[in-house]
Amino acid sequence: MKIAVVGKGGSGKTTTSAIVSRTLGRMGYPVVALDCDSNPNLGISLGVGDTETERLVSMRQALDEGNEEHAPGWDELLDRFGSDAPDGVRLAVVTRIENPEPG
Amino acid sequence: MVREVRDKLRVAFVGKGGSGKSAIAGTFARALARRGEPVLTIDSDPMPGLAFSLGLERSDTPLPEDLVVERKEGETGPRWRLRPGLSAIDVVEQYSLTGPDGVRFLQFGKLRGHSATMMKSQFAFMQVIDQLPTEMPWSVVGDLPGGTRQPFAGWGDYADVFLAVIEPMAKSMLAGRRLARLAARAEGPRTVLAVANKVRDEADASVVEQRTGLRVVGAVPFDESFAEAERQSAAPIDRAPDSLAVRAVESLVSQLIEERQR
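Here the protein sequences come in this chain order: A and B. Heads up: the first sequence at position 61 corresponds to 61 in our numbering, and the numbers run straight through without jumps. Heads up: the second sequence at position 199 corresponds to 199 in our numbering, and the numbers run straight through without jumps.
If you're looking for bench data, these hints aren't it; they were derived computationally from the structure. Each residue gets a CB set at the ideal place from its N, CA and C atoms; glycine is no exception. Just so you know, not all the hints are guaranteed correct.
[Said to hold, decoys possible] With a straight-line cut-off of 20 Å between C-alpha atoms, the simulated DMTMM-like cross-links for lysine to aspartate or glutamate are:
id : chain 1 : residue 1 : chain 2 : residue 2
1  : A       : K13       : A       : D64
2  : B       : K8        : B       : E37
3  : B       : K8        : B       : D160
4  : A       : K2        : A       : D87
5  : A       : K8        : B       : E230
6  : A       : K8        : B       : E228
[Claimed, not checked] Computed footprint of chain A on chain B; a stretch qualifies when at least three of its residues, placed anywhere within it, have a C-beta under 8 Å from a C-beta of chain A:
id : stretch
7  : 168-177
8  : 224-238
Start from the sequences, fold in the hints, and give me the full structure.
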């Protein structure tokens with residue numbers, strides 16, 4: 001099953017996604033949670049913490065800046081750009097973080 | 001050093017989606033206008049929400065499509081430009097709505113309509129901002145797109161102060177930290193300050209300061225009547241004029257005016 005969560009900023013997309021992911025994980029399903037937000041913070045709601053959330057973002061950013069190679073396949077993507085969250089959920093940041101222009 | 005003296009405020013609100021930018025920006029603009037300042041508000045969020053908190057009757061007031069014309073073949077510059085003969089001041093005078101307390105309102109972000117309309121609108125916005133003269137009859141209050149993707153777009157050189165609206169919650173403060181990081185870059189905006197929103201006590205405001213590294217210039221308390229005004233799509237300053245949150249935004253206006261005069 002593939003579920004995408006959308007909505008206005010601040011409406012609770014990230015929190016909902018995290019709870020759905022962990023609930024499915026607790027029911028015994030293997031779950032991959034993909035953060036596709038340009039301001040990625042799903043890690044916080046999943047419970048991996050600030051530092052790990054920022055580490056995943058910088059991994060993703062390194063790819064844009066040419067300091068990391070693209071993963072050739074799904075498994076390697078999850079391995080290199082992912083992190084283990086509680087309840088067996090695997091989190092990966094896959095958003096395209098365009099280098100934000102300050103002005 | 002001779003400091004540039006300018007009596008108008010140019011303030012742009014940024015922050016995570018849902019942090020309360022529009023509600024605070026609208027209340028800020030109305031409070032500023034009540035002090036006798038002519039105020040122009042600009043909503044450049046493609047998810048526009050400022051009209052409600054200003055107390056305008058209509059929520060979606062896109063600009064007419066013929067505001068911009070396509071670049072002629074052989075010419076250079078942006079693909080869409082303001083109609084020849086139309087200055088930025090003309091756009092404000094002819095196309096802005098006037099709401100309560102005389103606040104002028106221009107909406108550039110466009111939710112409906114296909115993407116070309118949106119793009120034209122954004123081009124028009126960039127040019128109006130670029131071409132507004134330094135000496136202006138209005139103070140300007142901007143409501144910007146949420147999040148951290150091009151958070152200062154179009155406003156970088158224009159706004160004197162960016163106010164990041166930040167709730168004392170992990171995700172909101174993470175967005176605040178990211179905004180602070182972008183602001184610290186050489187080409188970043190000059191001044192980014194934090195407005196702590198929905199705080200329950202003083203400790204909440206200091207947490208925002210510690211976790212974002214931004215100076216907190218105002219703290220707006222969590223306030224049920226302010227939230228209720230938003231639920232009813234009404235301007236908090238009309239529906240809950242005596243609420244602690246509206247009072248806090250009024251103090252924020254005073255604070256910025258005071259800092260400008262220093």
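- Message: Hints numbered earlier in the text: which of these fail when held up against the supplied structure?
- Response: 1 and 8
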